[in-house]
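Chains as they are written, first to last, in this note's numbering: chain A, 1 to 208; chain B, 209 to 416; chain C, 417 to 624.
Hints are computed from structural coordinates only; laboratory data are not their basis.
All of these numbers come straight from a predicted model, not from anything done at the bench.
Please note: incorrect hints may appear among the correct ones.
Said to hold, decoys possible - Not close to chain A: a few residues of chain C, all C-beta gaps over 10 Å, as computed:
no.	residue
1	Gly430
2	Lys465
3	Glu495
4	Val519
5	Ala546
6	Glu559
7	Pro589
What the hints assert, rightly or not - Okay, derived cross-link-like pairs now, DSSO-like style, lysine-lysine, Cα gap no bigger than 27 Å in a straight line:
no.	chain 1	residue 1	chain 2	residue 2
8	B	Lys388	C	Lys596
9	B	Lys379	C	Lys596
10	C	Lys622	C	Lys479
11	C	Lys622	B	Lys414
12	C	Lys483	C	Lys622
13	B	Lys317	A	Lys171
14	A	Lys206	B	Lys275
15	B	Lys379	C	Lys587
16	C	Lys596	A	Lys206
17	C	Lys622	A	Lys63
18	C	Lys587	A	Lys171
19	C	Lys479	C	Lys465
20	A	Lys67	C	Lys622
21	C	Lys622	A	Lys180
22	C	Lys465	B	Lys414
23	A	Lys206	B	Lys379
24	A	Lys180	B	Lys259
25	B	Lys317	A	Lys180
26	A	Lys180	B	Lys379
27	B	Lys271	A	Lys206
28	C	Lys596	A	Lys109
29	B	Lys388	A	Lys180
30	A	Lys180	C	Lys587
31	C	Lys465	B	Lys379
32	C	Lys483	A	Lys171
33	B	Lys317	B	Lys259
For each residue, glycine too, the CB sits at the ideal point set by N, CA and C.
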Amino acid sequence: MPGLLSKLLPREAGFHDLFVELAENVYAAAQAMVVMLENFSNPAADAEKIKNLEHANDTLTHKLMNKLNRTFITPFDREDIHELASEIDDVLDLTDAAASRLVTYHVEKIRPGVADLARVLVDATREMLAAVRVLEQNDHVLEHCIEINRLENEADRLCRNLIANLFEQEKDPVQIIKWKEIIEVLETATDKCEDVANVVETITLKNA
Amino acid sequence: MPGLLSKLLPREAGFHDLFVELAENVYAAAQAMVVMLENFSNPAADAEKIKNLEHANDTLTHKLMNKLNRTFITPFDREDIHELASEIDDVLDLTDAAASRLVTYHVEKIRPGVADLARVLVDATREMLAAVRVLEQNDHVLEHCIEINRLENEADRLCRNLIANLFEQEKDPVQIIKWKEIIEVLETATDKCEDVANVVETITLKNA
Amino acid sequence: MPGLLSKLLPREAGFHDLFVELAENVYAAAQAMVVMLENFSNPAADAEKIKNLEHANDTLTHKLMNKLNRTFITPFDREDIHELASEIDDVLDLTDAAASRLVTYHVEKIRPGVADLARVLVDATREMLAAVRVLEQNDHVLEHCIEINRLENEADRLCRNLIANLFEQEKDPVQIIKWKEIIEVLETATDKCEDVANVVETITLKNA
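Throw the hints in and build the complete structure from the sequences for me.
Laid out in structure tokens, this is it:
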């Protein structure tokens with residue numbers, strides 16, 4: 001079977017490798033977030049690692065977009081590829097946003113259950129990376145998309161419980177403001193994995 | 209005059225019926241929200257009804273997107289139809305988000321004026337359903353879009369007043385956090401009706 | 417060299433002038449925001465000025481979209497132009513949202529540093545206007561885009577510091593809720609300038 005991205009994109013352009021690299025950085029950042037939340041001994045250093053991955057992806061995305069804009073493909077395919085890159089990038093932007101808030105807000109102690117939410121993000125980004133890796137061969141792509149959807153529902157459920165607990169247990173409104181935002185930003189990162197899965201699904205179905 | 213959606217979409221595919229069903233569920237959810245806010249005797253049961261409509265629309269949207277991706281239409285038309293379905297769905301997602309927060313946040317008493325905001329959402333979703341119903345015949349579609357725009361401005365005005373009152377009357381910051389979010393989520397649902405109206409307007413004008 | 421927008425759009429349609437007018441209003445609103453924050457003697461009157469510019473842009477955008485939908489250009493180009501107009505408009509919507517909150521929330525005194533954030537918005541909207549003005553001739557367009565990206569990073573850094581200071585210095589949670597939102601809305605206005613820069617860059621590269 002001919003490669004899926006190759007049908008859309010000239011092989012020599014190296015688009016597939018750029019996409020895999022982008023998704024690898026997102027997965028690495030999610031893993032760093034779990035380490036950060038589990039130890040919380042040097043949050044500034046952990047946040048710095050995630051920030052560096054975010055900068056790396058900014059550069060990669062810019063490179064990819066430029067390559068894309070200069071490549072002769074149909075506008076329609078271009079839009080899909082553009083959206084795919086942009087939404088993969090969003091996942092890392094939100095992971096970075098959560099990490100930097102943990103530092104800026106001078107969080108002292110991680111609330112119970114928040115690391116679980118980050119673990120779901122690790123699972124979702126691992127599936128996202130897997131989907132991007134097999135997109136070229138169109139090999140069981142949709143199975144990864146279905147799993148991402150399941151994980152997003154799981155993150156949604158966890159987020160709702162975390163915020164219900166926050167309102168029940170925490171009496172300091174300032175702590176509520178800070179933690180509500182951190183939890184919601186982490187959950188939105190998983191939402192964005194689902195957006196990536198939807199684009200991947202669209203690309204797959206259109207090129208079936 | 210030839211049907212508008214039929215020009216874009218093969219008639220046998222049944223797209224028009226799916227769109228109407230989608231919009232009917234959104235309208236039903238907005239009505240359930242008003243009932244929930246007016247009585248507030250069994251919020252969990254009311255939220256459950258809205259959640260069921262949300263699940264039904266998830267299934268419908270997925271069906272519609274699959275059908276769309278497998279149908280031979282121009283990419284451009286496909287994008288419009290895709291956006292229309294996705295934005296109709298967003299209105300119900302936000303209605304559900306408001307309903308579930310009323311339960312999760314253990315709200316005890318509905319603040320005055322909030323039901324008025326939900327009534328504007330009912331009006332806007334009724335117009336949205338009407339617009340979708342006549343889109344096929346392109347019969348006075350734009351009149352419904354104009355009315356949705358008017359209702360969105362009305363919701364915006366109500367929302368601003370509700371939040372101003374909230375800050376003036378409520379002294380408990382935790383109540384402010386909870387209610388500010390519920391009010392804003394409801395208002396965003398009406399914003400999304402306006403996004404639907406904009407897509408409908410675009411489809412209508414392009415196919416005039 | 418042939419004009420860039422003229423390649424996309426019929427010259428007689430007057431699209432270029434509409435875009436320039438749209439961007440001029442955005443720039444004027446950002447300047448009015450700085451005046452509002454620096455004096456804060458009659459916030460309601462200042463907010464009214466910004467609101468009037470926002471209404472003017474709503475009318476302009478509607479006119480532009482109608483013209484666009486009735487013009488024979490490729491769907492792909494149409495999408496870009498549509499997105500450009502819509503994102504320029506978003507910058508002013510957010511400026512207006514910040515201004516109206518300063519009034520509705522009965523803010524009494526402007527926090528130190530907030531006017532600096534608005535000054536970065538003035539710089540970013542000035543560059544945005546410059547980019548729109550030279551887009552037709554494709555004359556050093558990308559230099560303005562790069563400068564907007566730099567300003568967005570600057571706004572991001574200022575916003576983070578302002579919110580860190582807010583949590584450290586302000587003890588009243590209600591003040592934290594109000595100011596956190598006003599600062600974030602202002603920062604999002606600058607984010608939107610970056611979105612405009614990205615569309616401008618895409619249009620430029622595709623038509624190089």
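Hints violated by the structure (listed by number, smallest first): Result: hints 3, 7, 16, 21, 22, 23, 31, 32 break, sorted rising.
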